[in-house]
Amino acid sequence: MISYLLRRILQLLPVLLIASVLVWGMIYAVPGNPVAVMVGENASAEQVAAETARLGLDRPVAVQYAAWLGSALRGDLGASIHSREPVLKLIGERLPATLQLAALATLLALALGIPVALAGAVAPNSWLDRLLSGWSALALGVPTFWLGILLILLFAVELRWLPSASGYVAFWDAPLQTLRNTALPALTLAVYVSGIFARFLRASLITELNADYVRTARAKGLPERTVVMRHALRNALLPFITIVGIMTASFIGGAVVTESVFTYPGIGRLLIQAISSRDYPLIQGCILVILGIYVAINVVVDLVYAYVDPRIEYS
Amino acid sequence: MRLPRRILAFAGRLLSQPGPLASVLFLVGLALLAAFADRLGIDPLAQDIAASLEGPSAAHWFGTDELGRDIGARVIHGARTSLITAAGAVLIAGAVGVPIGLVAGFFGGWRDAALMRAVDVLMALPGILLAMALIAVIGRSQSAALVAVGITGIPSFARVTRAQVLSLRKRDFVTAVEAFGGTPGYNMFRTVLPNAWSPILVQVVVLSSVAILLEAALAFLGVGIPPPTPSWGEMLRTGKSYLHDAPHYAVLPGLVLTVTILAFDTLGRGMTRLLEDRDSGASGLKLEQASR
Amino acid sequence: MKVDPVLSVRGLQVSFAGAEGPVPAVRGVDLDVWPDEVLGIVGESGSGKSVTALAIAGLLAGNAQVRGSVFVDGQDVVRASPDELRRLRAERIGFIFQDPTTTLNPLMTVGRQVTEGQVAAGRLARGEAGARAAALLREVDIADPVGRAGQYPHQFSGGMRQRAVIAMAMAGRPRLIIADEPTTALDVTVQAQILSVLARRQAETGAAVILITHDLGVVAEVAHRVAVMYGGRVVETGPVRDIFRNPRHPYTAALLNSIPRLDRADSRLDPIPGQPPMPAELPSGCAFEPRCALGRGQLVCRASDPPLEPQGPAQRAACHFAGEAAAPVRAAARAAEPRPEPTAEPLLIVDDLRVHYPIRAGVLRRTVGHVRAVDGVSLSVRPGETVSLVGESGCGKTTTGRAVMGLVKTAGGRILFDGQALGGLGPAGWRKARRHMQYIFQDPYSSLNPVKPVGEVVAEPLRIHGVYEALGGARYVAGLFERVGLSPRVMERYPREFSGGQKQRIGIARALALQPRLLILDEPVAALDVSIQAQIVNLLQDLQQDLGLAYLFIAHDLSVVRHISDRVAVMYLGRIVEEGPKDAIYERPMHPYTQSLLSAVPTPDPDARRHRIVLEGEIPNPASPPTGCTFHPRCFRADERCAREAPAFVPVPGEATRAACHYPGPLAGAPAGEATSLEAAS
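Protein chains in written order, with full-length UniProt numbering: chain A, 1 to 315; chain B, 1 to 292; chain C, 1 to 682.
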């Protein structure tokens with residue numbers, strides 16, 4: 001099992017490595033002299049040269065990459081061009097808000113998606129199933145930024161129950177305030193992802209419910225509830241773990257749009273700001289951290305698999 | 001060639017269902033409006049500050065924006081932006097992704113490993129971030145949006161094609177061609193590819209909606225197609241600032257966007273269902289289905 | 001018998017909702033099964049046998065319409081509430097399914113699965129479940145039942161899984177056991193084990209058993225009574241001896257005539273023409289009329305479906321001409337010409353062929369060893385000759401065929417075709433060589449390109465080699481269709497419009513297109529219905545005679561092999577263990593594996609229930625084969641020498657065969673099979 005995990009991590013390493021080359025190299029793909037962009041339009045040639053030397057951009061490419069990767073691995077992602085603050089510190093300030101939102105959105109999406117999938121799968125093509133499938137399609141089809149706007153219109157503008165823009169409060173300091181602040185963005189994300197969850201889980205449940213071992217379970221006289229929950233659902237949840245992992249990973253950074261709708265102070269909005277101000281070290285840092293979290297979640301998913309699927313140990 | 005007849009028959013069965021039929025009608029109508037937008041006598045750029053932020057009326061069905069421009073006209077012209085971006089992006093994604101999946105799945109081994117690791121890199125970032133990073137590098141323009149969205153679609157095409165090719169590769173009729181002396185190239189293009197088109201076609205529909213959504217999201221974030229070109233996402237972005245005074249500004253363009261995406265989704269699901277029915281051998285009695 | 005039957009079925013009808021109205025799958029079935037009795041239900045695909053079984057247990061899906069009555073132990077199944085049905089299944093019916101690889105839940109321990117039905121029904125305390133599971137597994141001869149109960153299905157071999165399924169079916173001490181093709185997915189030596197376990201448990205518990213199968217041999221060996229199903233009805237029923245000795249329905253008679261026999265060396269089979277009807281398109285009147293030698297074209301047969309009526313004391317048949325069917329109508333057989341011993345130079349010579357697959361393990365997926373899928377196989381095929389490779393799954397027979405065809409990489413050895421070594425050929429050379437060597441696949445459903453009309457499928461090899469026009473184009477292809485018994489008018493149709501037998505004919509036509517001299521046939525009839533197999537076997541024999549083809553015939557079905565072969569090679573774990581002329585192999589086998597294999601094949605003759613060598617254990621994992629002779633852990637003659645050194649493959653002195661065994665020799669009168677309890681790696 002350990003070898004299985006190590007192997008999976010080894011498979012992810014090249015992805016990280018190639019990605020890091022791309023992230024590092026993006027600065028060279030920018031049209032014009034990136035240093036000039038960084039230093040500002042009014043800078044003199046001397047200033048540009050000094051900055052180039054400071055950044056080490058006059059050294060051979062491979063050396064530059066190695067130096068950059070080395071310091072990145074030591075946690076030094078450089079400093080923001082704008083605020084001159086360390087990139088890692090800026091990201092560190094935003095990360096808790098993003099993680100909190102991702103966690104809440106995943107929980108909400110599971111709570112919305114699993115029952116919908118279950119109710120539909122046990123009676124495929126019934127009126128209830130059609131209704132719930134329609135709901136899933138709607139949840140998937142509504143763009144998050146439009147849904148966010150509608151939710152703001154309803155809960156903030158009309159009803160005035162919840163704030164339209166939300167700051168970050170640590171959950172442990174003020175749980176209720178946290179919920180108030182994250183409720184709308186989390187719901188916006190969760191509705192969309194619950195559509196994905198429901199659709200995927202319904203399909204895999206229907207496949208499992210038609211499997212031979214489910215027929216065996218029925219043949220030995222088990223109540224239908226046990227057949228569904230103990231046999232079919234447990235098997236259907238296996239591939240579902242991957243989907244949950246992918247979606248949770250996509251909330252980290254992928255929630256840019258939602259964060260932007262609710263002006264939520266997450267890592268996604270930091271990245272937008274960095275892009276619009278061409279703050280390359282900050283862009284690189286954000287993307288690297290997001291990639292790192294992606295890899296970490298993949299490893300967690302593999303760990304969960306190794307725990308719940310008895311076949312893995314031997315494969 | 002036999003393919004067109006098969007596709008026609010498939011389209012016939014697809015359009016005999018109400019959902020896909022309505023979707024196709026809507027999408028065709030939208031495409032026609034977008035194509036002939038210039039001849040409709042509506043101007044998306046004509047300003048009338050006096051009549052800014054007005055609600056829907058007989059003169060302006062969708063109301064006006066902060067500069068008094070007709071939102072309806074801007075939605076129709078925005079459809080053109082959306083559909084062109086989506087079509088171009090899907091073309092790029094398919095033209096790169098399908099060959100990758102075909103080669104990776106057909107040959108396996110190191111080609112598979114190398115190609116799919118490269119695809120994994122594209123997958124590691126959420127699509128929106130990847131597109132934003134690309135735009136950060138290549139600058140902001142309509143073609144930048146198109147290319148960026150297209151690149152985010154490559155992994156789906158590659159993976160869907162590869163999965164299909166892998167399952168076909170194991171089928172005896174592919175081995176048979178090898179056994180009676182067909183070259184790998186012949187086998188890949190003449191045997192495997194003609195059998196792999198259906199999931200790829202579904203992917204075209206699915207990705208069209210993803211591309212439209214992504215383009216709108218980029219514009220909403222202010223990194224998509226630069227103004228004043230009308231774009232649905234851009235309208236939502238601006239409209240969001242006038243939620244109190246003119247809710248129609250954000251709501252109506254968003255509604256059209258949503259319906260468009262739902263139409264693509266309904267179409268894609270209809271196709272998948274038909275293909276599944278066909279593959280499971282709807283004719284004849286299958287015990288797997290009979291037992292419970 | 002004054003005892004009440006355990007199962008009583010009257011007028012059972014099942015239909016499924018179809019696109020064009022209901023599709024009748026079962027059309028009026030009456031059955032009775034008494035305690036301590038095995039009823040065999042025989043039929044081909046679409047005969048309704050499995051649907052009948054599922055209906056008896058109330059396991060049909062919601063889209064099935066069930067009419068008639070089914071009483072199990074006095075309880076009405078058709079009208080039972082879901083709760084009553086559940087109790088019935090938990091307490092009185094045990095069900096054994098076909099494919100043991102999919103019938104068990106992969107995420108639950110076997111022990112829990114065996115007893116959970118009883119726990120849920122409140123008939124077994126949770127705390128006693130573990131002990132009970134172990135006891136049940138012990139009763140089906142699973143070694144170390146306590147340890148095994150805690151394992152998951154993937155840790156079980158196929159035969160052990162099926163034992164576990166039997167244990168599960170027995171958990172509630174049911175009065176009725178329904179076994180639906182319980183051994184079809186298993187190898188013949190494992191089938192013998194499972195059938196004997198099933199028979200023993202049945203005798204111990206006195207349960208009534210319904211055994212559903214397409215294999216007449218299994219029925220003859222196990223059943224007391226037989227019901228033959230065709231087109232959704234029981235067409236004949238009676239005691240097993242009467243059915244096999246004196247069939248009254250023309251279908252039963254024809255079926256018995258159409259199967260190749262292990263115990264006979266017929267030169268020609270009598271196939272049943274046509275194919276079994278699909279439930280959606282049943283003919284009017286008697287469903288068998290279009291294929292019936294007696295009733296075809298008869299007005300009365302077309303007009304009315306005959307009822308099942310008594311024929312003699314215990315037998316019943318549904319036929320307008322039931323009396324006349326008794327004398328089986330032999331189709332005019334093409335006289336078999338005595339086959340001269342071929343003396344020509346071999347067309348194909350395989351010498352010490354080796355195919356190894358790497359085993360990768362560890363973090364870096366490094367190759368840590370090799371599966372020796374084919375480990376030194378030598379054989380030769382002369383023009384016009386049929387050489388068969390037989391063996392159980394995983395023995396390497398298919399890999400051998402594929403390696404000869406150049407479809408898998410070889411790790412060693414030589415392949416000579418017509419004197420030319422194929423080993424050193426580049427891709428272009430292989431392509432040329434393949435013109436004279438063609439392959440026929442097992443699964444006709446998967447071997448034809450679904451997007452091409454079948455005319456194009458057959459023409460494709462010609463086009464690839466650029467000889468389409470040279471050989472005569474469409475006219476030549478039409479000729480190929482006629483050659484395999486199909487009308488050229490069907491050339492425009494797509495593969496999915498054909499039945500399995502027709503598809504296999506198309507596959508054969510395609511293989512013939514380039515006028516090959518050697519055909520490699522990989523289980524060409526295994527996926528077909530029994531009555532269709534004979535048609536294809538006859539076609540292959542005709543083609544060989546007319547075209548002088550050489551066949552390398554790969555199969556697991558020993559009866560078919562006996563029928564078609566000139567010489568036979570028996571494979572075990574990648575090696576040929578015995579090889580020789582057909583009659584020598586079948587009449588006087590020398591290798592203990594050949595002997596056990598032959599004795600494990602059920603014979604469709606109820607009087608021939610013989611003593612059988614039931615091999616212990618199953619085929620070992622080819623990745624880690626046993627030392628010495630790879631067969632020694634299962635062998636009844638093995639001693640420590642066999643565990644130590646591998647025997648050479650040499651002629652057996654004074655016999656016609658060659659064998660790889662330290663102690664070759666004919667089976668003694670009292671078979672050494674008594675001493676079979678050598679512990680195997682199970």
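Calculated from the structure, these hints are not laboratory results. One or more hints might be untrue.
Stated by the list, open to error - Quick list of the computed label-pair ranges, beta carbon to beta carbon:
#	chain 1	residue 1	chain 2	residue 2	range
1	A	R180	B	V28	43 to 49 Å
2	A	Y65	B	L25	51 to 57 Å
3	B	L45	A	R180	55 to 61 Å
4	A	N125	C	V451	46 to 52 Å
5	C	D83	A	L128	20 to 26 Å
6	B	V28	A	L154	31 to 37 Å
7	B	A35	A	L128	38 to 44 Å
Yeah, the Cβ is synthetic: ideal placement off N, Cα and C, and Gly gets one too.
Going down the list of hints, with the structure as the test:
1. A:R180 - B:V28: 43 to 49 Å: 45 Å, holds
2. A:Y65 - B:L25: 51 to 57 Å: Check passed, 54 Å falls within 51 to 57 Å.
3. B:L45 - A:R180: 55 to 61 Å: Since the Cβ atoms of L45 (chain B) and R180 (chain A) sit about 42 Å apart, the hinted range of 55 to 61 Å is violated.
4. A:N125 - C:V451: 46 to 52 Å: 29 Å, violated
5. C:D83 - A:L128: 20 to 26 Å: 23 Å, holds
6. B:V28 - A:L154: 31 to 37 Å: 33 Å, holds
7. B:A35 - A:L128: 38 to 44 Å: 41 Å, holds
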